[in-house]
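Colleague: Chains as they are written, first to last, in my numbering: chain A, 1109 to 1426; chain B, 1109 to 1426.
No lab work stands behind these hints, which were simulated from the structure alone.
Given the structure is predicted, the values throughout are model-derived calculations rather than measurements.
Keep in mind that the hints are not guaranteed to be accurate.
One copy or two, it doesn't matter: identical chains are merged, so the pair holds either way.
[Unchecked claim] Below, simulated DMTMM-like cross-link-like pairs (lysine to aspartate or glutamate); rule was C-alpha separation at most 20 Å, straight line:
| id | residue 1 | residue 2 |
| --- | --- | --- |
| 1 | Lys-1115 | Glu-1228 |
| 2 | Lys-1376 | Glu-1366 |
| 3 | Lys-1356 | Glu-1373 |
| 4 | Lys-1277 | Asp-1292 |
| 5 | Lys-1164 | Asp-1145 |
Protein chains: 2
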Amino acid sequence: MLFLNKKDIGKIGKDVIQNAVKKAYGLVLDKSYNMPDRMHVGDGQNTLLLMPCFTKEFFATKLVSVFPNASQFDQPAVNGVMVLSDNRSGQPLAIMDGAAITAERTGAVGGLGISLLTDENLETAGILGAGVQGLSQARYLLFNRKIKKLWIGDVNSASSEKMEAILKKEFPWVTYGISKNSEDLVKASQLVIAATTSTQPLFKNDKALVKGKTFISIGSFRPDMKEFPDAVILTVDNVYVDTLFAAKESGDICIPLENKIVKPEKIKAFADLVDTPRPLENKPSFFKSVGMALFDLTVASAVYELALKEKIGQTLDF
Amino acid sequence: MLFLNKKDIGKIGKDVIQNAVKKAYGLVLDKSYNMPDRMHVGDGQNTLLLMPCFTKEFFATKLVSVFPNASQFDQPAVNGVMVLSDNRSGQPLAIMDGAAITAERTGAVGGLGISLLTDENLETAGILGAGVQGLSQARYLLFNRKIKKLWIGDVNSASSEKMEAILKKEFPWVTYGISKNSEDLVKASQLVIAATTSTQPLFKNDKALVKGKTFISIGSFRPDMKEFPDAVILTVDNVYVDTLFAAKESGDICIPLENKIVKPEKIKAFADLVDTPRPLENKPSFFKSVGMALFDLTVASAVYELALKEKIGQTLDF
């Protein structure tokens, strides 16, 4: 059995991870997977999520714990353990840092969105939310597009500065700007990615402000969370969701649907795009991701297979 | 983070494991635990069980996969991974072989039953079912009682011989006998332990045959499974279950209840016994165990704490 920590997972190329996400969409189209609803267990103010998924070759369970007060123990609020097993023999194959797998696959879901929904010559972008997921979105954005100017916005400006410092090292050819005003960030960006836990839209409901731009929402994974004002969903030509339950799970989709300001037909499955090269002629789009265990499975199995080949990680005698 | 495989777990003393099981019953009495229903996910003929549990100090999730056809890949049908975490900070503390934890805790549940329900001078016993659980029952039986003669019975006599060979090495002072007839085994034993997946009683429904003996059932974890004939539950003075959902989950309890041949009041919680030394004056009893995630948690945390202290296992840089 193989053990892969965050550092090991970081050695796997973004192309491998993004291809694994693409593979997951292919499995969705073929309906060749088995993914029960994710299970939530509450314990006081803490939450444990259990996310099992099966394909023909593998099965994987990601366990994610969310401890809002972990910082008082100098620990991260979100922890995860990923167990990857062989779906023929049942044998466990690998244990991985589940938080690192989540960050990579979420970045790659955004990255694949960018690669299919934005102009190849995209030059300006803004990221709202400078946490773990925001950083991962930035990395996959810069992997996919030759961005000249990247704006970073966060309610906590220390977080923005920290993210800027990390990105400056990794992508020194990009110019960075920290924005203290979301409207300014949106105005200056052709693409806006939000990765926050906000329950209120991050900028004002103004069609003129959002016109002609593409938006990606990574946060708002609950019906009470909303990152973008209704102007976004109303103004864009295309609305895509990574999974069809996004229409139930994310406030960015379910609130406009409930208020009947958008027709259900406008919400389309991103999976239908993945085999169509340059399908959208760069029309302004809104892509909403809520994630799914199938992404974790295909990413974890791709990471495992490459790690085996390249002798990355620690071998455990199970 | 610590990794503990089967060999590492095997280094932990049976007294430590059995005390951890006793601690779980104490937590049941204090109601100081949070244990959601175990989750079953089916995938074709295979099953994945997800068993989370929380106490004040720890939370643990055991993932168990059951692949009936794994033997064609030379792999065991049952695999497990146990993840133990700190319930204050949320940090993962240890990954363990979940099948080994299951075998130890199930053995210890039987062992604690034996220590409280049988005569200290017990000399003869029989085990029906010579699989992994049967072997673990035998080990905890021989840890708790100075048995002179141990009978082993299994539909597959090669399994009985294999178990006899293992036990002969570990407990050479005991005399072993392989029984090809369950009635003969019962007749010759003061205590009978069954650890099978049988859906039919393992011996005939004869009150004279079972009179004066104590019975422990480890199998029959589903309503359609039954290890003992009704004569057992009718003849014994006491019926104990390790968890109150045994009355729903095990055919050995739910079938006699449904057929109204036993009153619900006769079924008592074993947890009520654990603080009472020698409570039963060695009256003939029937103890039915179906297991619970809380046993896994208290056993895993005791194993983890001792392993840390004794420097057992492999340290992982998470």
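Colleague: For this structure, which hints from the list above don't hold up?
Modeller: Violated: hints 1, 4.
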